[in-house]
Amino acid sequence: MSADHGHHHKETFITKYIFSEDHKMISKQYLITGLLMGIIGIAMSLLFRMQIAWPEQSFQIFEVLLGKWAPDGVMDPNVYLALVTIHGTIMVFFVLTAGLSGTFSNLLIPLQIGARDMASGFMNMVSYWLFFLSSVIMVFSLFIEAGPAAAGWTIYPPLSALPQAMPGSGLGMTLWLVSMAIFIASSLLGSLNYVVTVINLRTKGMSMTRLPLTIWAFFITAVIGVVSFPVLLSAALLLIMDRSFGTSFYLSDIFIQGEVLHNQGGSPVLFEHLFWFLGHPEVYIVLLPALGITSEVIATNSRKPIFGYRAMVGSIIAIAFLSTIVWGHHMFVSGMNPFLGSVFTFTTLLIAIPSAVKSFNYITTLWKGNLQFNPGMLFSIGLVSTFITGGLTGIILGDSTLDINVHDTYFVVAHFHLVMGISALYGLFAGVYHWFPKMYGKMMNKNLGYVHFWVTAIGAYGVFFPMHFVGMAGLPRRYYTYTNFPYFDDLADTNVLITVFAIITAAAQLVFLYNFIYSMFYGKKAEQNPWKSNTLEWTTPVEHVHGNWPGELPTVYRWAYDYSKTKENGEYVIEGQDYTPQTAPLQEGEEELTH
Amino acid sequence: MTIFLILLIVALLGVSIWQLSKIFQLSQGNADTSEIANDKDNSTQGKLMLAFTVFLYALMAYCFINYHSYFLPETASEHGKDYDILMKISVVLIMFVQVITQFLLHFFAYKYRGKKGNKALFFADSHTLELIWTGIPIITLAGLIIYGLYTWVDIMNIDEEENAIVVELYAYQFAWRARYAGADNELGKANVRFIEGVNTLGVDESDAYAMDDIITNELHLPVNKKVIFKLRSQDVLHSAYMPFFRAQMNVVPGMITEFSYTPIKTTEEMRQTDFMVEKVETINGIRKENSKKLLAKGEEALEPYEFDYYLLCNKICGASHYNMQMKIVVESEEDYNNWLAEQKTFRQVVSK
Ligand code: HEM
Ligand SMILES: [Cu+2]
Ligand SMILES: [Cu+2]
Chain A
1 MSADHGHHHK ETFITKYIFS EDHKMISKQY LITGLLMGII GIAMSLLFRM
51 QIAWPEQSFQ IFEVLLGKWA PDGVMDPNVY LALVTIHGTI MVFFVLTAGL
101 SGTFSNLLIP LQIGARDMAS GFMNMVSYWL FFLSSVIMVF SLFIEAGPAA
151 AGWTIYPPLS ALPQAMPGSG LGMTLWLVSM AIFIASSLLG SLNYVVTVIN
201 LRTKGMSMTR LPLTIWAFFI TAVIGVVSFP VLLSAALLLI MDRSFGTSFY
251 LSDIFIQGEV LHNQGGSPVL FEHLFWFLGH PEVYIVLLPA LGITSEVIAT
301 NSRKPIFGYR AMVGSIIAIA FLSTIVWGHH MFVSGMNPFL GSVFTFTTLL
351 IAIPSAVKSF NYITTLWKGN LQFNPGMLFS IGLVSTFITG GLTGIILGDS
401 TLDINVHDTY FVVAHFHLVM GISALYGLFA GVYHWFPKMY GKMMNKNLGY
451 VHFWVTAIGA YGVFFPMHFV GMAGLPRRYY TYTNFPYFDD LADTNVLITV
501 FAIITAAAQL VFLYNFIYSM FYGKKAEQNP WKSNTLEWTT PVEHVHGNWP
551 GELPTVYRWA YDYSKTKENG EYVIEGQDYT PQTAPLQEGE EELTH
Chain B
1 MTIFLILLIV ALLGVSIWQL SKIFQLSQGN ADTSEIANDK DNSTQGKLML
51 AFTVFLYALM AYCFINYHSY FLPETASEHG KDYDILMKIS VVLIMFVQVI
101 TQFLLHFFAY KYRGKKGNKA LFFADSHTLE LIWTGIPIIT LAGLIIYGLY
151 TWVDIMNIDE EENAIVVELY AYQFAWRARY AGADNELGKA NVRFIEGVNT
201 LGVDESDAYA MDDIITNELH LPVNKKVIFK LRSQDVLHSA YMPFFRAQMN
251 VVPGMITEFS YTPIKTTEEM RQTDFMVEKV ETINGIRKEN SKKLLAKGEE
301 ALEPYEFDYY LLCNKICGAS HYNMQMKIVV ESEEDYNNWL AEQKTFRQVV
351 SK
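If you're matching them up, the sequences are chains A and B in order.
Going by our numbering, the residue at position 373 of the first sequence is 373; the numbering climbs one at a time, nothing skipped.
Going by our numbering, the residue at position 185 of the second sequence is 185; the numbering climbs one at a time, nothing skipped.
These are calculated hints, taken from the structure and not from any lab test.
None of these values were measured; they are calculated from a predicted model.
Where is the CB? At the ideal position from N, CA and C, for every residue including glycine.
Watch out, some of these pointers could steer you wrong.
[Unchecked claim] Far from chain B by the CB rule (all over 12 Å, computed), these chain A residues:
no., residue
1, A473
2, P541
3, A584
[What the hints assert, rightly or not] If you want the footprint, here are the derived chain A segments under chain B, 3+ residues with CB under 8 Å:
no., segment
4, 100 to 112
5, 185 to 196
6, 217 to 224
7, 364 to 372
Chain B on its own, in the form it takes in the complex:
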């Protein structure tokens, strides 16, 4: 079916290209075969340049309007708010420059389309103009750089003294594990060389801090509390990407990398936001449609979707890179503590 559609498109395209070249040929009027643009060509192409501006603006408008729900999903971390402001300022600025420069470029192309007998202006240099368009970007960029770096230092500055939660994110082909520090709030030493049997993360059993560590398949976080992630890889590069928290850091074999943020919305709160309600509604609409097709084929219907935070791998790491994910649950501190208490400690795991 799709093959057929594609063939159809290609065929239609062939026809329209043939037609178009016919039109260009006809629009040339008297047979001129020099293959060098003449006044007719210049006039047609100049007008097409103007039409192209319209196309470009329409495309941009279409994307911004139709895809607004793709654009920066509602943030769930404290620094995410600063991130979003910086992003919005940058996008507005960029689109402003984009709209103006694309207009000038294509409008000049239209306005000054060539004609026999027209004289071009011999205009080779103007220091004033060049000063202006060196100066304006310098000032604007200086502003962006200063604001950006201010935020960057804020995000990347990971001081441990406040009693933040420390969690190790452990990556391997093709899944994630979380390791909590346990009662002593200190992660036990670990190295892949200690991997053996049930000790799948290579935690050092001789380290006193290790025994109360808790290893889980889901990442649970208490809301409004700073988390410091220590990232460790078992095999190749991975990247812990948590888009709702505006967080990403590569996981590098042979070293521990770090990232930190403070979640500000529980999973439940996130589900209630206008953004997410609308989003999930759209998605479930699509899933319903798809289910109909599946049922018609005698397959099972898709389950309705309910939002959960997730962590994705965002550095190519092998065949199943596309499905290397972990569920994240942000909840009240109480729920978090209850959940943690139910998990097995490392001692329980190895002593069995």
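Same shape as in the complex, but just chain A:
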């Protein structure tokens, strides 16, 4: 579709709501699908957390939800592993990759750069429907006879390659692989579209150095996705070959179920390399969009420019680059050459530097601001908090020596949930609260937003801070129960505490869901620019129009962060308003900040 067609063919229900090529509608489709998957993912975490907290007890609810996999309410160990696996897969890929990046890249890229739509609306639509299909397959795999994939979200072979090794490695794993292959195709189509759109369709005056940080984040995220997802796809294809066509990429010298397999010469370590070549960048694919959203929300609500725009862009690029050369920190004890371990320690700790710069810049942005505590702002501050806490423990895990004893324990689970899971989830919430008026033309209830934030903030730390200590005590993750080791008996109270916090946190998400759905229908009607923001999306009408701007595309004269900018006489640039939209021409005697 060309950039400047303003007039449109008639829309039917189907082209408007289902097979829509409009980026705003597609963004909502991503959001709703992502939220639905999120409900499943979080519900699963509650089930396996209950199992860990009260390993000796039976729960009727297990039998109700899991049926024959929990006879008399006692969960089967295979099912525990399946729940953990699908929880991880759903949260990382379906909620925080597609649900977060898919929603906000689609919504904001055209709106914030001043484009009528994505470069290819059709490709965009296909991308969503592939995502939808892969979600359906993943959910469907929960209902098959032998159960879904259960080899961990990292699906290391040979466990994932051999149906003899565990029930989940049969049809369940096949469906997992098919679902993920489709997911990757969807993600690639989406990412290519984002990249092309940002490069080609910026409106007049929107130079790269005037882009809002959201767009920078989405743009670089898409680039990382294009570089790393194909590697995961090839890893998955080789695994499919090993599973179904007798090849030996990952298999060698295996005796299982009383039988020697013919495979020779392959190595699971190869899979680990391929997997983590995506797997680590994936952390940033999840995180960078959340950080981009945070930059925008914090600046707007602080009524201040984001501090160190240039350094922020530089850090995003540095993180993106470094993220592709640190994957080995997941493999310090994999049997990889120890010298490589040294190299990866070095690159990994390097990545702490741009991360530190970003954190400090956020804190400085708050300094001497005039902070407006809208719910989006609370979640953004929450993100900075969990990002710091989780990032700091990365210094322990990234150090090959220290990793030896905490690798694959609950310490790791605590670390990555804070730095990636919770942070990105906060980014998602910040985005929803902030752009809900743009998406639905309604306001969300702020008081429910406050309750949602504070209960979640307390709950999330309550779950994941004590969890570090459980890991330090040496409790491995992916353990169905720890009662076979009396040494761990004294962890019982802590595990119960964690689970209670988890239940509270999950309950708080119901408040959000209620608010979301209620506001969609009965929320107060939004003004055009409720947060008094500078960026272009707030110059479009509240009611969505195809092509975004009813008239000409806006022209941009300045960066996105002229909040509280004053002229020499101390007056705001535009009298009586503490923000200067990007569409406001430079005034006489005013100098544009150069970055």
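Start from chain A and add chain B with the ligands according to the hints.
Only chain B with the ligands this time, still in chain A's reference frame:
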């Protein structure tokens, strides 16, 4: 019972959330339905930010004080001491940064909470500041990296010439075996393709070094002597995790991986340490309580716990991953030799 408790918690939560939203609503004073934060909201939320710092500090303090016995169990290997020093330095450093940054973040949120008529400072850049907070992490991390790598090379450098003991750790779904090299101090060749009948580890019977090998279900180690582990898997990935020795290495089908350490405390000595005495006391207290409940239900009481080193599997490997363990006994060299002499050699096993 637990179900009931959970329902109760959820119900209480519902009520308190409802109450909270009421409070927020009331605290807004005159009906303002714009859904955009006003001065009242900013003031309340800003104060809550400060209160949250208190919560966070309290939580951290609670964990460090209450869970001190989880934190790095007493070490039993030589390199474990270096490991612990490095860990302690890192944790102190991290907590220092954590305490300061969380304070600044939440304190600024409180201090600069918005008010109509307040003006924010237009402050977009400062190279000095940015230089400072790029520089400080670089210097600190450089220190940590150098120290860390120094220790890493030390731990991972496995030279065989000193007459270390060589032990094969053999992993399969879902148990471990140890194979000692025997009198010739040389492990016989092995491959899963040789597995047959009593030869459950696939030791190559035609290899001259193999016959005196000794296969056991427990791992015994003499104190103060370097052990080199050769790890071999029968089926899928496993990981040999020995937390007291600060040791872990994956077991990978198709290749032999290695790890090595020197145990410095016998099992008996470990049991006598203050750390372990306190720990075992706590655990037995808990077990007694649990036993009461079991007895009341007409089941058997739990046995009192006595500490033993153990090896756990720490790489997901199937249904019974959670119970794939092996007992480790560290003892005097004399006891070790006596024990080894009592075990059957591979020759004895296959010739039967
Ligand atoms: C209520 C919120 C959540 C709770 C209570 C929770 C809890 C847990 C726990 C305890 C585990 C470890 C289980 C084990 O290793 O035995 C786990 C695994 C995992 N979680 Fe979460 N989680 C939550 C939200 C999230 C979010 C938001 C993400 C997004 C990144 C996420 C991603 C993962 C991943 C990737 C794994 C690893 C799965 C695996 O081991 O294969 N979780 N979760
Ligand atoms: Cu990583
Ligand atoms: Cu295992």
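A quick look at each hint next to the structure:
Residue placement check: A473 (chain A) does not keep its beta carbon more than 12 Å from all beta carbons of chain B (closest about 4 Å). Residue placement check: P541 (chain A) keeps its beta carbon more than 12 Å from all beta carbons of chain B (closest about 19 Å). Even its closest Cβ contact with chain B, about 15 Å, leaves A584 (chain A) beyond 12 Å, as expected for a residue assigned away from the interface. Coverage of the segment 100 to 112 of chain A by chain B is violated in this model, with 0 residues showing a Cβ closer than 8 Å to a Cβ of that chain against a need of three.
Restraint check on the segment 185 to 196 of chain A versus chain B: 0 residues with Cβ-Cβ distances below 8 Å, three needed, restraint violated. With 0 residues having a beta carbon nearer than 8 Å to a beta carbon of chain B, the segment 217 to 224 of chain A misses the requirement of three or more and the stated coverage is violated. Chain B is given as covering the segment 364 to 372 of chain A, and this holds because 8 residues of the stretch bring a CB closer than 8 Å to a CB of that chain, at least three being needed.
In summary, the structure is inconsistent with hints 1, 4, 5 and 6 from the numbered list given earlier, while agreeing with the others.
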